[in-house]
Amino acid sequence: MKQNPKQNLVLVGNGMAGMRTIEELLKLEPEKYNITVFGDEPYGNYNRIMLSPVLANEKTLEEVMLNDDAWYAENNIRFEKGKKVTEIHRTRKEVIAEDGTVVPYDKLLIATGSTSFMLPLPGADKYGVIGFRDVKDVDTMVEAAQHYKKAVVIGGGLLGLEAANGLMKQGMDVTVVHIMSTLMERQLDEPAAKMLQASLEEKGMKFLMDHQTEEILGDERVTGLKFTDGSEIEADLLVMAVGIKPNFELAQKAGLHCERGIVVSDTMQTFDPNIYSVGECVQHRGVTYGLVAPLFEQAKVAANHLAELGIARYEGTVTSTMLKVTGIDLFSAGDFHGDEETDELLFHDVAGGTYKKLVIRDNKIVGCCLYGDTIDGTWYFQMMKDGTDISDFRSTILFGQAHLGDAGHGDETRVANMPDDAEICGCNGVCKGEIVSAITEKKLFTLDDVRAHTKASASCGSCTGLVESLLAHTLGGDYSEAPSKKPMCGCTDLTHDEVRNAIRKLGLKDHEDVRKSLDWKTEDGCAVCRQATNYYLLCEYPEYNDPESRFINERAHGNIQKDGSYSVVPRMFGGLCTPKDLHAIADVAEKFDVPEMKVTGGQRIDMFGIKKEDLPAMWKDLSEAGFVSGHAYGKAMRTCKTCVGDTWCRMGTQDSTGLGVKLEELTWGSWMPHKYKLAVSGCPRNCAEATIKDFGVVCVDSGYEIHVGGNGGIKVRVTDFLTKVDTEEEVLEFAGAFAQFYREDAHYLERTAPWIERVGLDKIKEAILEDPENRKALYERFLISQKPAQIDPWKKHADGEDANQFKSIKIKA
Amino acid sequence: MSNWLEITTLDEIPVLGSRVVETDTVNIAIFRGKDDTVFAIKDACPHKNGPLSQGIMHGDSVTCPLHNWKISLSSGEALGADEGCTNVYDTKVENGKVFLRNPV
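Those sequence lines, one after another, are chains A and G. Note that our numbering gives residue 162 to position 162 of the first sequence, counting from 1, and the numbers run on in steps of one. Position in the second sequence counted from 1, then plus 813, gives you our numbering.
What the hints contain is simulated information worked out from the structure, not anything from laboratory work. Keep in mind that a hint or two might mislead.
[Said to hold, decoys possible] Quick list of in silico lysine-lysine cross-link-like pairs, DSS-like style, CA-CA up to 25 Å:
id, chain 1, residue 1, chain 2, residue 2
1, A, Lys-611, G, Lys-855
2, A, Lys-562, G, Lys-861
3, A, Lys-84, A, Lys-107
4, A, Lys-562, G, Lys-855
5, A, Lys-59, A, Lys-136
6, A, Lys-611, A, Lys-562
7, G, Lys-861, A, Lys-611
8, A, Lys-455, G, Lys-861
9, A, Lys-807, G, Lys-855
10, A, Lys-807, G, Lys-910
11, G, Lys-847, A, Lys-509
12, A, Lys-807, G, Lys-905
13, A, Lys-796, A, Lys-662
14, A, Lys-27, A, Lys-455
15, A, Lys-810, G, Lys-910
16, A, Lys-521, G, Lys-847
17, A, Lys-442, G, Lys-861
18, A, Lys-807, G, Lys-847
19, A, Lys-810, G, Lys-861
20, A, Lys-580, A, Lys-591
21, A, Lys-516, G, Lys-847
22, A, Lys-776, G, Lys-905
23, G, Lys-861, A, Lys-807
24, A, Lys-765, A, Lys-675
25, A, Lys-675, A, Lys-486
26, G, Lys-905, A, Lys-810
[Claimed, not checked] These stretches of chain G come out as covered by chain A in the derived footprint (C-beta under 8 Å, 3 or more residues):
id, segment
27, 855-864
28, 899-905
None of these values were measured; they are calculated from a predicted model. Note that CB positions come from ideal geometry on N, CA and C, so glycine has one too.
Could you build the full structure based on these sequences and the hints that come with them?
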């Protein structure tokens, strides 16, 4: 049988949007098309948003190339470099270039981008009058800087200021002319704009605000500008940076429907079904874009349809802005002016150079404008996109995420000013310099890229905000931010919630069923989705278990250590033990030659360095002495920490130890989305640290205070007070109901603290506190799930279950 | 002279799971794919010697349990942005018996 011949795909426009689409397409369907790329610039694809640093001598052109000639050759792409396409013949399905080259297409992708908008002023055709859009413009500016002194930039927006900064770095005397009274009025409000202007003036930039140009003076070359008020200024170089206009003449000439850009649908298709378009030349739902993040999202969608997978839709992008001027931190997004229905949260330190404004509608962020301290820009922006209800932390939100307890980074708020050797990721020891050079050298655009290449933020994630800020700051203008809808992993486009709901609604029974019914892209999934799906399945069906989809710790019921050995932690309910218990543990430790033991923070004893093959025998001895697994290895209920309580303590108000034992007996063995800790303190002195646990009880003379959502780990978070009850029975019911609600609602690997911050405490109060029927139902479901969970996994394995896992096959030569 | 060693039977290895083969010189992880293909790879991740046998298998790769590197079971190469390589060994399955080409 003859294979289907390859189709022809032609890309017109060798820029970031078009080439990103090709890259995405090659990932999906590398063999589907013969690809031809036309580009009218004599270069490969370069990173246009990095032109400002090139102009400012901070980067070379080579450093900002994304795809060089070799890349096109390696990917078998015919690259028509420096050829301008002049005609698209839609009936013959051909593309014709100005030199007469004709290439037929089955599918055509138009990514002709945009050009600088040149003000139609008298004299605009003189030498030395340019836009700021491509390498040629940068070359002209660098060239001019060698021979001339005075530069004028018309336009006090993002691009104008970056151009002005670059020209200043090239040694020119630069004046920015702006028609408005404040800079960057589309991104900044007045106070922030004034602060920006002041710091740019400090760097030597000059400004003529409220000035409108009437005429460009000079003979052949520009010599100056005349303004409408009659005043004049000298200029040897004039850069117009007043905006961009989409390039759609080619498309329009071919009869495609265009308005302010080439009109495309949510699939990035033009009115001709064989022609797609992406980038700054398109108009989608009435909007044209000039930033990178939307282009990349469009590229992904277009690639999906070119690959004929037909499942992606582009629904528009909420954009944010950063300025790429070294040493200046600025961030803005959304509606930062607000109206009569919005509130403003404001922090303004003129002397310290910090300004933060959040615009709030119905307790949700709708706009944000930051100057000086922008570290939380990405955090605010994410909450804005997610529509997060901020009422719980409204009073502290301006102090940033660090204030909510981002350990270790509290004082470092200005990424721009951090030295290169400042450690960003404490887990993997990654410094700012390494991240920045990886971003520029390896051409990284997303958080995931940075994680893959540098490992920064890839472990505990507490530095994610810093890494995102660095990414935004290094790439400037805009970068490809994580979409607000986060797929579970690369194997699916579905989110955690979508997968979970599908399991419930469609009654999916196992992994195969989930992957088949939900069109997984990979046959077996990956380590990420398998573990998550396994949890969701076992939460629905308490008997469910697929060992091969669990992390080794939960498969081997021990914590894997760096040398491949395991640790063993027997459960001690409430931290109580007897001499007999301690004897038994000591005997086991001696018998199996345990190299190190430690008393843990969870009030029990950890034995390290156990060989995997010894585990079942060790568990057998421990099991016979009455111990069960401590689940110190699992995404599971870990321990219930207690203080001594009123049996001994002169301050104690209740039997906190006894209650702790009961709580642990209720909840031990339960599989959770993440690890889960409890504590009971016998009085408000809180010796058991109950207010940094997932579920904490603080005993008072009149009863029991119940606190939830605390965390003493990566991000210290104090619990939220849920309610106060009178009896131990009530505490137990709340404990079971809360645990079950968390189990059923949170995403896999989401601890109670971020879960509560995401869904809001009100939702938890509604489900557990205000609805006693629901609380009882949750509690009942928890008890049902506990029946299989409390069959001790150690005893099962000691009795021979899955024995092969622990036995190696020995071959002697 | 045949240098194939019979090491175990197919049903002694869980699907998408592994067994460890200990030799005098090296530990080898044996994996069984969904289509009963058997892979053999040195039981040490090129990153920090993590025991690959304890990782999660998917397709023809395994995710190391220590730092989540993804290693190809057919080539031994690290996948994605990571760089490194570990040894792989030939295997064959005949009549439900698993053979490993003598690695020693």
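Checked hints:
With a C-alpha separation of about 19 Å, the suggested pair A:Lys-611 and G:Lys-855 falls inside the 25 Å cut-off, and the hint holds. For the hint pairing A:Lys-562 with G:Lys-861, the CA-to-CA distance comes to about 8 Å; that is within 25 Å, so the pair holds. Under the criterion of a C-alpha separation no larger than 25 Å, the hint pairing A:Lys-84 with A:Lys-107 is consistent with the structure, at around 19 Å. This hinted pair checks out: A:Lys-562 and G:Lys-855 have alpha carbons roughly 17 Å apart, not beyond 25 Å.
Between A:Lys-59 and A:Lys-136 the CA atoms are separated by roughly 16 Å; this keeps the pair inside 25 Å, and the hint holds. About 12 Å separates the Cα atoms of A:Lys-611 and A:Lys-562, which keeps this hinted pair within 25 Å; it holds. Using a Cα cut-off of 25 Å, the hinted pair G:Lys-861 and A:Lys-611 holds, with the two alpha carbons roughly 18 Å apart. Annotation: proposed proximity of A:Lys-455 to G:Lys-861 holds, straight-line Cα distance about 14 Å (limit 25 Å).
With a C-alpha separation of about 17 Å, the suggested pair A:Lys-807 and G:Lys-855 falls inside the 25 Å cut-off, and the hint holds. Restraint check for A:Lys-807 and G:Lys-910: satisfied, since their Cα atoms lie roughly 18 Å apart, inside the 25 Å limit. At most 25 Å may separate the alpha-carbon atoms for a hinted pair to count; G:Lys-847 and A:Lys-509 meet this at roughly 18 Å. Note on A:Lys-807 and G:Lys-905: the hinted pairing holds, with a Cα-Cα distance of about 22 Å set against a maximum of 25 Å.
Annotation: proposed proximity of A:Lys-796 to A:Lys-662 holds, straight-line Cα distance about 24 Å (limit 25 Å). Taking the CA atoms of A:Lys-27 and A:Lys-455, the gap is about 22 Å. The hint holds against a cut of 25 Å. In summary, the hint linking A:Lys-810 to G:Lys-910 is supported, as the alpha carbons are separated by about 16 Å, within the 25 Å threshold. Between the alpha carbons of A:Lys-521 and G:Lys-847 the distance comes to roughly 16 Å, so the proposed pair stays at or under 25 Å and holds.
Under the criterion of a C-alpha separation no larger than 25 Å, the hint pairing A:Lys-442 with G:Lys-861 is consistent with the structure, at around 24 Å. At most 25 Å may separate the alpha-carbon atoms for a hinted pair to count; A:Lys-807 and G:Lys-847 meet this at roughly 22 Å. Taking the CA atoms of A:Lys-810 and G:Lys-861, the gap is near 24 Å; set against the 25 Å cutoff, the hint holds. Straight-line distance between C-alpha atoms of A:Lys-580 and A:Lys-591 comes to about 16 Å, which keeps the hinted pair within the 25 Å bound.
Our distance criterion of 25 Å between C-alpha atoms is met by A:Lys-516 and G:Lys-847, whose separation comes to about 15 Å. For the hint pairing A:Lys-776 with G:Lys-905, the CA-to-CA distance comes to about 56 Å; that exceeds 25 Å, so the pair is violated. Pair hint G:Lys-861 plus A:Lys-807 holds up; C-alpha atoms about 23 Å apart against a cutoff of 25 Å. Distance restraint check for A:Lys-765 and A:Lys-675: the Cα-Cα separation of roughly 22 Å lies within the 25 Å cut-off, and the hinted pair is therefore satisfied.
With a C-alpha separation of about 22 Å, the suggested pairing of A:Lys-675 with A:Lys-486 holds against the 25 Å cut-off. Taking the CA atoms of G:Lys-905 and A:Lys-810, the gap is about 18 Å. The hint holds against a cut of 25 Å. Here's how the segment 855-864 of chain G fares: 4 of its residues keep a CB closer than 8 Å to some CB of chain A, so the rule of at least three is met and the hint holds. Residue count for the segment 899-905 of chain G with a Cβ under 8 Å from a Cβ of chain A: 0. That is fewer than the three needed, and the coverage hint is violated.
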